[in-house]
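Here is what each chain is made of, one letter per residue.
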Amino acid sequence: GENVEQHPSTLSVQEGDSAVIKCTYSDSASNYFPWYKQELGKRPQLIIDIRSNVGEKKDQRIAVTLNKTAKHFSLHITETQPEDSAVYFCAAIVPNTGNQFYFGTGTSLTVIP
Amino acid sequence: NAGVTQTPKFQVLKTGQSMTLQCAQDMNHNSMYWYRQDPGMGLRLIYYSASEGTTDKGEVPNGYNVSRLNKREFSLRLESAAPSQTSVYFCASSALTGFHEQYFGPGTRLTVT
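Going down the list, the sequences are from chains A and B. Per our numbering, numbering through the first sequence is continuous, rising by one, with the last residue being 113. Per our numbering, numbering through the second sequence is continuous, rising by one, with the last residue being 113.
Bear in mind the hints are in silico, worked out from the structure with no lab data behind them. Fair warning: there could be bad hints in the mix.
As the list claims (entries may be wrong) - When the alpha-carbon atoms are kept at most 27 angstroms apart in a straight line, the in silico DSSO-like pairs for lysine-lysine are as follows: (1) Lys-71(A) to Lys-9(B); (2) Lys-68(A) to Lys-42(A); (3) Lys-9(B) to Lys-42(A); (4) Lys-14(B) to Lys-37(A); (5) Lys-42(A) to Lys-58(A); (6) Lys-57(A) to Lys-22(A); (7) Lys-58(A) to Lys-68(A); (8) Lys-37(A) to Lys-57(B); (9) Lys-9(B) to Lys-37(A); (10) Lys-57(B) to Lys-42(A).
Keep in mind it's a predicted model, so treat the numbers as computed, not measured.
Please build the complete structure, drawing on both the sequences and the hints.
Here it is as structure tokens:
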């Protein structure tokens, strides 16, 4: 099956700085890469996603980039705010496994006011 | 519109006991999923149901069974609980499999002693 690795496992940044979380995947057939945010004690929620035919996607302060050749994708958060503090999960879908989501192990982001 | 609901929220079992986790969605979604979340392991798919009447194994199905009762409801059964099944269980649903946002329930925290 797919193997998704996510780094770093923890990340602390000062408010206003940028944060970058990176994921790599193993199966070149993967074609969809969502990012989920999970606040403490809450359920995961989708914040942004990208398909394999797109190299970059932005939504206000967050962006995702995809490098299919290198099989890695990254989440970029600019002008971080305390409410960005959460655990972020990347995921990859492999079509020939019934479109199963394979999640990374998560990054705990802390934004220091 | 409650979205995805799960019962119970918390449960403590003794080794060897059985129980069923219930999940329901009111978004008229076709696809439903069960995940477990363990510290440092991210979210791992246990079983999923691409559409009413179908179920398939995910990444970690051993020790679990599922039933897609109807389009709204998808239950997860532990026949003989083991301490290794101590985890937080999330149900999720999506319109279809693939490029579709998965909406998660609030989770069930299960402890097996």
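Evaluated hints:
The suggested pairing of Lys-71(A) with Lys-9(B) is violated, with an alpha-carbon distance near 38 angstroms, which exceeds 27 angstroms. Using a Cα cut-off of 27 angstroms, the hinted pair Lys-68(A) and Lys-42(A) is violated, with the two alpha carbons roughly 32 angstroms apart. Restraint check for Lys-9(B) and Lys-42(A): the C-alpha separation of about 12 angstroms stays at or below 27 angstroms, so the hint holds. With a C-alpha separation of about 32 angstroms, the suggested pair Lys-14(B) and Lys-37(A) falls outside the 27 angstroms cut-off, and the hint is violated.
The hinted pair formed by Lys-42(A) and Lys-58(A) meets the criterion: a straight-line CA distance of about 25 angstroms does not exceed 27 angstroms. Under the criterion of a C-alpha separation no larger than 27 angstroms, the hint pairing Lys-57(A) with Lys-22(A) is consistent with the structure, at around 15 angstroms. Between Lys-58(A) and Lys-68(A) the CA atoms are separated by roughly 18 angstroms; this keeps the pair inside 27 angstroms, and the hint holds. Under the criterion of a C-alpha separation no larger than 27 angstroms, the hint pairing Lys-37(A) with Lys-57(B) is consistent with the structure, at around 25 angstroms.
The suggested pairing of Lys-9(B) with Lys-37(A) holds, with an alpha-carbon distance near 20 angstroms, which does not exceed 27 angstroms. Distance hint between Lys-57(B) and Lys-42(A) is fulfilled; the C-alpha atoms sit about 26 angstroms from each other, no more than 27 angstroms.
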